[in-house]
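S.K.: Read off the chains here:
Protein chains: 2
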Amino acid sequence: MNAEIIAVGSELLTPQRMDTNSLFITDQLNVLGIEVTMKTIVGDDRSQLTSVIAAAVKRSDVVVLTGGLGPTEDDVTRDAVGAAMGLGQTYSNEVEAQILARFQRAGRKMAENNKRQAMVLDTAEVLPNERGTAPALWIDYDGRSVMLLPGPPNEMKPLFVGQCIPKLKAKMPPLVIRTRFYRVAGMGESDVDQLIAPVYTKYANPVTTILAAPSDIQLHLRARCAEAEEAERLLAEVGGPIEELLGDRIYSRNGDPLEAAVGNLMRARQVTLAVAESCTGGMLAERITGIAGSSDYFVGGFLTYTNAMKSLLLGVDAELIEKHTAVSEQVAVAMAQGAREKTGANFALSVTGYAGPGGGTEENPVGTVFIGIAHAAGAQAKRFKFFGDRMRMRQMATQTALDLLRRHLG
Amino acid sequence: MNAEIIAVGSELLTPQRMDTNSLFITDQLNVLGIEVTMKTIVGDDRSQLTSVIAAAVKRSDVVVLTGGLGPTEDDVTRDAVGAAMGLGQTYSNEVEAQILARFQRAGRKMAENNKRQAMVLDTAEVLPNERGTAPALWIDYDGRSVMLLPGPPNEMKPLFVGQCIPKLKAKMPPLVIRTRFYRVAGMGESDVDQLIAPVYTKYANPVTTILAAPSDIQLHLRARCAEAEEAERLLAEVGGPIEELLGDRIYSRNGDPLEAAVGNLMRARQVTLAVAESCTGGMLAERITGIAGSSDYFVGGFLTYTNAMKSLLLGVDAELIEKHTAVSEQVAVAMAQGAREKTGANFALSVTGYAGPGGGTEENPVGTVFIGIAHAAGAQAKRFKFFGDRMRMRQMATQTALDLLRRHLG
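Those protein sequence lines, which keep their order, are chains A and B. In terms of numbering that gives the first Met the number 0, the first sequence has 285 at position 286, counting the first letter as 1, and numbering is strictly consecutive. In terms of numbering that gives the first Met the number 0, the second sequence has 306 at position 307, counting the first letter as 1, and numbering is strictly consecutive.
It is worth saying that the hints were derived from the structure and are not from the lab. Ideal Cβ positions, reconstructed from N, Cα and C, are used throughout, including at glycine. Do not take every clue at face value.
Stated by the list, open to error - Chain A is faced by these chain B residues, among others (derived, beta-carbon under 7 angstroms):
| hint | residue |
| --- | --- |
| 1 | Leu12 |
| 2 | Thr25 |
| 3 | Gly42 |
| 4 | Ala284 |
| 5 | Thr288 |
Unchecked claim - If you want the footprint, here are the derived chain A segments under chain B, 3+ residues with CB under 8 angstroms:
| hint | region |
| --- | --- |
| 6 | 302 to 310 |
| 7 | 328 to 339 |
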């Protein structure tokens with residue numbers, strides 16, 4: 000089965016706004032085995048929308064419309080569907096009562112133009128909207144399924160998941176879906192792909208998807224089969240060798256980002272962490288504390304952006320900085336040791352480097368970052384070279400620091 | 000003139016990827032006064048793409064296609080345009096020579112399938128691509144302009160701006176464009192809109208656009224006129240009252256984010272800054288140091304996530320915390336004072352609060368944040384109440400802290 004998605008709204012044709020509803024809808028449809036073959040974004044223009052809908056219901060098994068169900072003259076989706084599919088509209092007292100009740104619960108008066116939302120297309124099934132005044136409509140049309148959904152994501156999502164997906168599922172051959180998920184640190188997308196492509200490209204089922212962020216690769220395997228056993232067997236057949244190839248570079252099997260995975264390890268081992276950040280300027284701590292409950296293991300740390308602060312706050316010997324520069328293995332080690340000693344945490348991470356665009360030396364150009372770790376058994380630092388803009392290099396540095404800690408906790 | 004944008008590529012129909020090229024293209028077209036009335040995203044499917052193009056060239060003055068110009072069998076844009084518009088293709092030795100030269104400069108061998116990219120649609124003008132092997136094509140067709148652009152943004156953008164926009168501009172009545180830009184802190188979108196709507200809604204020219212992020216509103220005024228003087232006059236007519244209404248809540252007139260605007264103030268006044276962060280966990284410093292050159296004024300600071308660290312690193316009296324709790328005006332003041340004293344910076348900002356989802360008290364529920372500032376003349380703190388998820392509340396808190404500092408520097 001093929002689907003197409005039509006997003007309605009002139010605001011979606013400005014440089015500032017995108018149709019993001021379709022990503023959610025696509026994901027839900029793909030899980031059922033329905034592929035999206037086209038997406039269209041149309042303004043609040045009745046005749047243009049009518050011609051788009053007329054073409055869609057000729058070529059696609061499933062047509063999902065979002066937006067344009069509001070109470071104003073600008074909201075033309077229902078009229079356009081009627082015109083394109085030759086359906087009349089009837090006023091529904093039942094829907095009016097639902098809209099009215101909604102207004103009464105909110106202690107507000109229903110505006111006259113909200114009555115437009117009580118018009119129902121002939122043959123359409125009304126899907127009640129718990130979060131807004133515009134009900135969704137479902138139409139079975141010549142063997143195809145057409146659905147009209149409100150545009151606000153908080154209304155669209157529960158309607159689509161709760162009411163449309165079950166109806167679509169009933170039309171599909173019964174299938175079970177099983178998934179595996181891996182997140183990988185310390186490798187680029189092309190390196191991961193080169194390593195595992197010989198495994199997964201042999202299989203159309205499960206479908207393997209690779210998603211890349213700086214130094215963070217997500218792998219998603221999805222098997223669709225008539226029987227759960229068969230789906231699990233296929234996942235093991237593809238996932239097993241992938242796990243073997245990636246080994247301990249896999250840091251998460253449940254979708255957790257690295258800072259959550261490392262946090263869980265710290266909580267389990269009952270250890271605490273402090274940081275000393277120079278070029279990342281707070282991003283490492285910001286990521287760690289972005290996880291709710293991080294106070295279980297994160298105590299705090301130091302932002303030592305200048306050489307003077309490295310000495311003053313962390314006790315790094317000024318002569319050591321003079322001799323090796325602030326971006327050096329020695330200073331990274333001393334920063335980590337200083338942070339650990341000053342806070343009494345079990346572990347301390349340090350980051351010092353040139354995030355650019357200025358700075359850097361011949362020996363250590365922009366992108367050079369030293370990452371240090373201090374723990375009960377001592378302290379070490381490693382040199383890394385990252386590429387990209389300031390933001391990307393800081394992301395790579397924090398990811399690498401978290402992964403270094405993960406390997407010490409593993 | 001109306002335009003429509005067609006993005007080609009099956010990867011753009013997955014839940015993970017979006018067509019973002021169209022935002023850039025829309026912005027460029029809008030500046031010329033060309034409105035985008037439809038966007039379509041199609042997979043690498045020759046027949047479906049052909050029918051989309053055939054419909055587009057019937058209804059739109061400008062049709063912009065992106066993607067599907069690569070060297071593989073999957074790349075079907077050129078063939079589909081030919082089929083939809085009845086144009087043949089001819090092999091161009093000149094284009095082949097350009098592609099070949101590109102490979103030679105990179106020290107790589109040209110693959111046989113790259114020769115497909117030397118096929119040129121009849122009547123099309125070849126627009127050379129400095130950054131990739133696929134040249135763009137421009138077709139004048141029945142009074143309409145159709146352009147085929149490569150999908151990678153770093154190739155598409157210079158081709159579109161450097162070659163397509165000048166050709167489109169030549170077709171438009173001569174107009175000058177003048178803009179004004181404001182960024183506003185400390186107000187929500189609806190408050191800003193309610194305040195200034197009586198001014199800007201009276202004018203269709205200039206066009207006023209409002210963009211909202213947590214506690215950060217961007218206003219964009221764009222006037223299009225035959226004469227520069229007239230455009231400036233209109234901008235003053237709308238911009239003047241808007242500036243008066245918003246007053247010192249406007250922090251930037253050039254698009255700089257708040258951390259850059261505040262940084263420029265600090266650099267100009269030759270003052271330095273330190274921070275003491277609890278609930279924002281590094282985000283405040285991360286924002287400040289995200290600006291290149293921030294070492295001119297930012298010295299560093301303290302991440303004091305636990306009560307113990309507030310005492311140990313900042314010297315906040317443990318009894319003060321015991322008495323007032325860590326989320327209090329008194330502790331925020333003491334944190335800012337401690338950070339200023341320990342670092343010797345001219346200014347220090349502190350943030351302590353409940354970012355949720357856990358924590359909070361009856362008096363100070365989740366979302367309560369105290370922001371403190373210490374300077375030569377003393378120290379103060381203020382209580383704020385933010386709403387939303389953990390990330391949003393942290394963004395609001397950092398924005399508010401930066402704005403507090405701005406007002407002290409202003």
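S.K.: So which of those numbered hints doesn't the model satisfy?
M.R.: 7
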